[in-house]
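Q: So you can see what is in the structure, the chains are spelled out below.
2 protein chains.
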Amino acid sequence: MKRYHLEVRVKPRPGLLDPQGRAIQHALDSLGFAGTEDIRVGKVIDLALMAGSPDAAVELGREMCRKLLANPVTEDFQVTLMNGARPVEGAE
Amino acid sequence: MKRYHLEVRVKPRPGLLDPQGRAIQHALDSLGFAGTEDIRVGKVIDLALMAGSPDAAVELGREMCRKLLANPVTEDFQVTLMNGARPVEGAE
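Protein sequences, first through last, are from chains P and B.
Take the first sequence: its position 13, counting from 1, is numbered 13 in my numbering, and each next residue is one higher.
Take the second sequence: its position 34, counting from 1, is numbered 34 in my numbering, and each next residue is one higher.
Some hints could be false.
Just a few of them, taken from the derived set where beta-carbon distance is under 8 Å, the chain P residues facing chain B [stated by the list, open to error]: (1) Phe33; (2) Val41; (3) Val44; (4) Leu47; (5) Leu60; (6) Lys67; (7) Leu81.
What the hints contain is simulated information worked out from the structure, not anything from laboratory work.
What you are looking at is a predicted structure, and each value in this text was computed from that prediction instead of being measured.
By construction, the Cβ of each residue, glycine as well, lies at the ideal position given by its N, Cα and C atoms.
Kindly produce the complete structure, drawing on both the sequences and the hints.
A: Okay, structure coming up:
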């Protein structure tokens, strides 16, 4: 068992209304950042866990998304292993 | 001017208390995911904008963080250009 760091990104599905993204777009407009588009706001969750292998760590992260971190109806998620140079990813 | 896609990650500074991360850690424990650590919850913001170059796009994203998206006292941010194969990053 080794300690792995994961970065989990949970984002609203394309096509779904994202009111928070809308609000940010309006605020950016008022601040003079004209012409921003397609603003979507999600969560990014950093965590550390113990696992037997890099693949097992990513699979644990995906399981956490399915059970708790992401809403399966409205959100997509992506799990990235942060140890080492080559990222291991698992999206859904 | 070209259209660029940015991914902006805004995370609580290391050392600051993150109650949302704590709550997630307890919930994961109850679900049987024992031994998770250092859970920190931040925002991930996807957006599209027009800029003259990749570097200018990233700099615009950083400026948006400084003016609106991140709290300069409690949060760090990282801007990643999503066009093309090689990501251009700008963190703070």
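Q: Does each hint fit the structure? Answer for all of them.
A: Results of checking the hints against the structure:
| no. | hint | result |
| --- | --- | --- |
| 1 | Phe33 | 6 Å, holds |
| 2 | Val41 | 5 Å, holds |
| 3 | Val44 | 4 Å, holds |
| 4 | Leu47 | 5 Å, holds |
| 5 | Leu60 | 7 Å, holds |
| 6 | Lys67 | 6 Å, holds |
| 7 | Leu81 | 15 Å, violated |
Going through the hint list in order, the structure does not satisfy hint 7, though it satisfies all others.
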